[in-house]
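For reference, the chains in residue letters:
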Amino acid sequence: MIKFDHVTKMFQGGAKAVDDVNFTVEDGDIVVLLGPSGCGKTTLLRMVNRLESITSGDISIDNKSIKRLNDIELRRAIGYVIQSNGLFPNMTIESNVTIVPQLLRWDAKKRHNRYKELMQLIGLDPEKYAKRYPHELSGGQQQRVGVARALAADPPILLMDEPFGALDPIIREKLQDEFLQIQTEVKKTILFVSHDIDEAIKMGDKIALLRDGKIMQYDRPADLLTHPKNDFVSQFIGEDRMIKGLSLHTIKDLLREVGLAEMPHQHYDGKTVAGSQNLRNTLSILMNQGAEQVIVTDHNEQEIGAVTIDLIQRYIAKQIKGKTDASLPFERVVR
Amino acid sequence: MNWLNDWITYITIDLSHILNLTMEHVELVGLSAIVAIAIGVPLGIYLTTNEALAGTVLQATSIIMTIPSIALFGIMIPVFSLINQGIGFVPAFIALILYSQLPIIRNTYTAIKNVNPDLKDAAIGIGMKPIQRLVRVEIPNAIPIIMAGVRTSVVMNIGIGAIASFIGAGGLGVLINQGITRSDEKLIVTGALAVSVLAIIADAILWIVQKLLTSRGLTD
Ligand SMILES: Nc1ncnc2c1ncn2[C@@H]1O[C@H](COP(=O)(O)OP(=O)(O)O)[C@@H](O)[C@H]1O
Ligand SMILES: [Mg+2]
Numbered sequence: 088m089i090k091f092d093h094v095t096k097m098f099q100g101g102a103k104a105v106d107d108v109n110f111t112v113e114d115g116d117i118v119v120l121l122g123p124s125g126c127g128k129t130t131l132l133r134m135v136n137r138l139e140s141i142t143s144g145d146i147s148i149d150n151k152s153i154k155r156l157n158d159i160e161l162r163r164a165i166g167y168v169i170q171s172n173g174l175f176p177n178m179t180i181e182s183n184v185t186i187v188p189q190l191l192r193w194d195a196k197k198r199h200n201r202y203k204e205l206m207q208l209i210g211l212d213p214e215k216y217a218k219r220y221p222h223e224l225s226g227g228q229q230q231r232v233g234v235a236r237a238l239a240a241d242p243p244i245l246l247m248d249e250p251f252g253a254l255d256p257i258i259r260e261k262l263q264d265e266f267l268q269i270q271t272e273v274k275k276t277i278l279f280v281s282h283d284i285d286e287a288i289k290m291g292d293k294i295a296l297l298r299d300g301k302i303m304q305y306d307r308p309a310d311l312l313t314h315p316k317n318d319f320v321s322q323f324i325g326e327d328r329m330i331k332g333l334s335l336h337t338i339k340d341l342l343r344e345v346g347l348a349e350m351p352h353q354h355y356d357g358k359t360v361a362g363s364q365n366l367r368n369t370l371s372i373l374m375n376q377g378a379e380q381v382i383v384t385d386h387n388e389q390e391i392g393a394v395t396i397d398l399i400q401r402y403i404a405k406q407i408k409g410k411t412d413a414s415l416p417f418e419r420v421v422r
Numbered sequence: 043m044n045w046l047n048d049w050i051t052y053i054t055i056d057l058s059h060i061l062n063l064t065m066e067h068v069e070l071v072g073l074s075a076i077v078a079i080a081i082g083v084p085l086g087i088y089l090t091t092n093e094a095l096a097g098t099v100l101q102a103t104s105i106i107m108t109i110p111s112i113a114l115f116g117i118m119i120p121v122f123s124l125i126n127q128g129i130g131f132v133p134a135f136i137a138l139i140l141y142s143q144l145p146i147i148r149n150t151y152t153a154i155k156n157v158n159p160d161l162k163d164a165a166i167g168i169g170m171k172p173i174q175r176l177v178r179v180e181i182p183n184a185i186p187i188i189m190a191g192v193r194t195s196v197v198m199n200i201g202i203g204a205i206a207s208f209i210g211a212g213g214l215g216v217l218i219n220q221g222i223t224r225s226d227e228k229l230i231v232t233g234a235l236a237v238s239v240l241a242i243i244a245d246a247i248l249w250i251v252q253k254l255l256t257s258r259g260l261t262d
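For the protein sequence lines, the chains are C and R, in the order given.
Position one of the first sequence corresponds to residue 88 (this note's numbering), numbered consecutively onward.
Position one of the second sequence corresponds to residue 43 (this note's numbering), numbered consecutively onward.
Possibly wrong hints are sitting among the right ones.
[Claimed, not checked] Calculated pairs, BS3-like style, for lysine-lysine (alpha carbon to alpha carbon, straight line, at most 27 Å): (1) C/Lys339 x C/Lys274; (2) C/Lys301 x C/Lys154; (3) C/Lys293 x C/Lys90; (4) R/Lys162 x R/Lys228; (5) C/Lys218 x C/Lys90; (6) R/Lys155 x R/Lys171; (7) C/Lys274 x C/Lys90; (8) C/Lys197 x R/Lys171; (9) R/Lys253 x C/Lys154; (10) C/Lys358 x C/Lys261; (11) R/Lys171 x C/Lys151; (12) C/Lys261 x C/Lys196; (13) C/Lys218 x R/Lys228; (14) C/Lys339 x C/Lys261; (15) R/Lys253 x C/Lys274; (16) R/Lys171 x C/Lys316; (17) C/Lys196 x C/Lys293; (18) C/Lys151 x R/Lys253; (19) C/Lys203 x C/Lys218; (20) R/Lys155 x C/Lys196; (21) C/Lys405 x C/Lys339; (22) C/Lys154 x C/Lys203; (23) C/Lys197 x C/Lys316; (24) C/Lys218 x C/Lys154; (25) C/Lys331 x C/Lys274; (26) R/Lys162 x C/Lys103; (27) C/Lys151 x C/Lys358; (28) C/Lys218 x C/Lys196; (29) C/Lys215 x R/Lys253; (30) C/Lys151 x C/Lys203.
[To be verified] Which chain C residues face chain R? A few, computed with CB under 10 Å, are given here: (31) Asp158; (32) Ala164; (33) Val187.
[Said to hold, decoys possible] Heads up, incomplete: computed chain C residues facing chain R, CB under 7 Å, no partners named: (34) Phe98; (35) Gln99; (36) Arg162; (37) Arg163; (38) Tyr167; (39) Pro176; (40) Asn387.
Simulated from the structure, these hints should not be mistaken for laboratory data.
Since this is a predicted model, take the numbers as computed values, not measurements.
Even glycine gets a Cβ: it sits at the ideal position worked out from N, Cα and C.
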């Protein structure tokens, strides 16, 4: 658990880069620090591993103030991933991945085993890359190695500063998916900086939206989208926030809430979608096909009904009204 | 062709003398280079942590570079006379070390300063101590530029070393000197050529050393 308690950062001669920030990151959660460029995301992140000092307030990890920890030990216990991956070009991939275990003086055998484990986790062949150097890898591979390095000593916390920001959109989405998969295995407590609302919705268990160093809203993605606290938040998430929000829900949710339409009677040769598909993609399939409906299949590939644009509209309407009674409708479903 | 024959004859007769002078030259420049590196590289690294001093030191070494070599050797004489070493190896050795400092210190300083800030940030962020950062990240990534400075200074000093003969430090300058006083171009050409060949060989050796010291990750 990471607790930010009235955290403020003032650079010399500058305004407040971080201004009285309070929030708590629960164990195993990904919290996305979101906001426009210059709003203080990086500064806030770097205060956690003491790359930036705290002007006033305090940050504590498991109720222990980081000010009272040795900074070298603190950093070795926190994984750190940056946008430009920061791999050491003079070291082989194996050396890069196992650098923290080296600093911690693990023996060679243990380090090598850990290396193999991590490479398998990030989907790169351990033998093939062991003696390669970072510049021989693609941007996406380098970033994966950056993640592996951060995980090497199995730190409970990861700090990630726009880790996929420099990658092209297709590779970025792929790495986001892979990372979420990895997270289901490693269950780290993660602070993740992003300026991209879509990325934040996708990656975050919670989002801290910042502006000029202040937190505008700290909420789960669905709540941020449906109930923005002020104009800045609504503007930042955009007019299409309902559509964005649809990526958090699947056809199964829709089935549960409003049911599916009947199967069309005449022969149907359009696309089918799986019940686990999210509603944002389903909607774009509907639009792209110009079809009235798409057929939904269950996990046995059995056709169980159809989705229409009208049904999705009704689902949205129900979500917005349903919000007041319980948190159920906005529970995170399959990511 | 007559001249060429004469020259070859001269070299054959005087070979051992030429080789002796070459060895003296190598010794003078080689030893001063070793000491110059031992001073210049650590100093250059240290200066990256002390901006105020860095300016002063780089300024001072630049000024030394602008002193004509013959004058610098000249200045050494009265200074080292104080310890009865006014002429000979010692003042020449010291003068060459002084000349080497600018390229070595400046390149080391710049190379370490210019290591990609993201790398430094990552190194600190993953919990390296300052000395670990230096040894594992900063120096390995700065090696090519540091070595370029070393090569410049050694090649330069092989040339300047030829002037050291004026203060009795021996070396290939002796041959050139004799050639000038005796108006014998064979000696001058021999001396000059030997100096050039030495410089080329030294540069080639240092280039190999540089390759060996540089991580493969920085080259291919
Ligand atoms: N080392 C620094 N010295 C002075 N000002 C800084 C420094 N680092 C960041 N800032 C300022 O602090 C503010 C927040 O920066 P940053 O945390 O990098 O924003 P973000 O990561 O959200 O883009 C910016 O106005 C930036 O100019
Ligand atoms: Mg930033």
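Okay, the hints, checked on the actual structure:
Between lysine 339 of chain C and lysine 274 of chain C, the direct Cα distance comes to roughly 25 Å. Compliance with the 27 Å bound is thereby established for this hinted pair. As the CA atoms of lysine 301 of chain C and lysine 154 of chain C are separated by approximately 22 Å, the hinted pair is consistent with the 27 Å bound. The suggested pairing of lysine 293 of chain C with lysine 90 of chain C holds, with an alpha-carbon distance near 14 Å, which does not exceed 27 Å. Distance restraint check for lysine 162 of chain R and lysine 228 of chain R: the Cα-Cα separation of roughly 56 Å exceeds the 27 Å cut-off, and the hinted pair is therefore not satisfied.
As the CA atoms of lysine 218 of chain C and lysine 90 of chain C are separated by approximately 40 Å, the hinted pair breaks the 27 Å bound. Our distance criterion of 27 Å between C-alpha atoms is met by lysine 155 of chain R and lysine 171 of chain R, whose separation comes to about 17 Å. At most 27 Å may separate the alpha-carbon atoms for a hinted pair to count; lysine 274 of chain C and lysine 90 of chain C meet this at roughly 18 Å. Pair hint lysine 197 of chain C plus lysine 171 of chain R holds up; C-alpha atoms about 23 Å apart against a cutoff of 27 Å.
Between the alpha carbons of lysine 253 of chain R and lysine 154 of chain C the distance comes to roughly 44 Å, so the proposed pair goes past 27 Å and is violated. For the proposed pair lysine 358 of chain C and lysine 261 of chain C, the alpha carbon gap of about 23 Å is at most 27 Å, so the pair holds. For the proposed pair lysine 171 of chain R and lysine 151 of chain C, the alpha carbon gap of about 23 Å is at most 27 Å, so the pair holds. Note on lysine 261 of chain C and lysine 196 of chain C: the hinted pairing is violated, with a Cα-Cα distance of about 32 Å set against a maximum of 27 Å.
Distance restraint check for lysine 218 of chain C and lysine 228 of chain R: the Cα-Cα separation of roughly 55 Å exceeds the 27 Å cut-off, and the hinted pair is therefore not satisfied. Restraint check for lysine 339 of chain C and lysine 261 of chain C: satisfied, since their Cα atoms lie roughly 24 Å apart, inside the 27 Å limit. Restraint check for lysine 253 of chain R and lysine 274 of chain C: the C-alpha separation of about 44 Å exceeds 27 Å, so the hint is violated. This hinted pair does not check out: lysine 171 of chain R and lysine 316 of chain C have alpha carbons roughly 44 Å apart, beyond 27 Å.
Under the criterion of a C-alpha separation no larger than 27 Å, the hint pairing lysine 196 of chain C with lysine 293 of chain C is inconsistent with the structure, at around 39 Å. Proximity of lysine 151 of chain C to lysine 253 of chain R is assessed by CA-CA distance (about 48 Å); at most 27 Å being required, the pair is judged violated. Of the pairs offered as hints, the one joining lysine 203 of chain C and lysine 218 of chain C holds, with about 13 Å between alpha carbons and a cut-off of 27 Å not exceeded. Of the supplied pair hints, the one linking lysine 155 of chain R and lysine 196 of chain C is violated, its CA atoms being roughly 35 Å apart against a limit of 27 Å.
At most 27 Å may separate the alpha-carbon atoms for a hinted pair to count; lysine 405 of chain C and lysine 339 of chain C meet this at roughly 15 Å. Among the hinted pairs, lysine 154 of chain C with lysine 203 of chain C is inconsistent with the structure: their alpha-carbon atoms are about 35 Å apart, more than 27 Å. Using a Cα cut-off of 27 Å, the hinted pair lysine 197 of chain C and lysine 316 of chain C is violated, with the two alpha carbons roughly 50 Å apart. Among the hinted pairs, lysine 218 of chain C with lysine 154 of chain C is inconsistent with the structure: their alpha-carbon atoms are about 39 Å apart, more than 27 Å.
At roughly 25 Å between alpha-carbon atoms, lysine 331 of chain C and lysine 274 of chain C fall within 27 Å of each other, so this suggested pair holds. This hinted pair checks out: lysine 162 of chain R and lysine 103 of chain C have alpha carbons roughly 25 Å apart, not beyond 27 Å. With a CA separation close to 54 Å, the supplied pair lysine 151 of chain C and lysine 358 of chain C exceeds the 27 Å bound. The hinted pair formed by lysine 218 of chain C and lysine 196 of chain C meets the criterion: a straight-line CA distance of about 16 Å does not exceed 27 Å.
Between lysine 215 of chain C and lysine 253 of chain R the alpha-carbon distance is near 24 Å, which keeps this suggested pair within the 27 Å criterion. Our distance criterion of 27 Å between C-alpha atoms is broken by lysine 151 of chain C and lysine 203 of chain C, whose separation comes to about 33 Å. Look at aspartate 158 of chain C: its Cβ gets to within about 8 Å of chain R, closer than 10 Å, so that hint holds up. Look at alanine 164 of chain C: its Cβ gets to within about 8 Å of chain R, closer than 10 Å, so that hint holds up.
The restraint placing valine 187 of chain C at the interface with chain R holds, with a minimum CB-CB distance near 6 Å, inside the 10 Å limit. At about 16 Å, the closest approach between the beta carbon of phenylalanine 98 of chain C and any beta carbon in chain R exceeds 7 Å, and the interface hint on this residue is violated. Among the interface hints, the one on glutamine 99 of chain C is violated; its C-beta lies about 16 Å from the nearest C-beta in chain R, farther than the 7 Å criterion. Taking 7 Å as the C-beta cut-off, the interface hint given for arginine 162 of chain C holds, the closest approach to chain R being about 4 Å.
Among the interface hints, the one on arginine 163 of chain C holds; its C-beta lies about 4 Å from the nearest C-beta in chain R, closer than the 7 Å criterion. With 7 Å as the threshold, the beta carbon of tyrosine 167 of chain C comes within range of chain R, its nearest partner Cβ sitting at about 4 Å, so the hint holds. A least Cβ separation of about 5 Å between proline 176 of chain C and chain R falls short of the 7 Å threshold, and the interface hint therefore holds. About 47 Å separates the beta-carbon of asparagine 387 of chain C from the nearest beta-carbon of chain R, more than 7 Å, and the hint is not met.
Violation of the numbered hints given earlier is confined to hints 4, 5, 9, 12, 13, 15, 16, 17, 18, 20, 22, 23, 24, 27, 30, 34, 35, 40; the remaining hints are satisfied by the structure.
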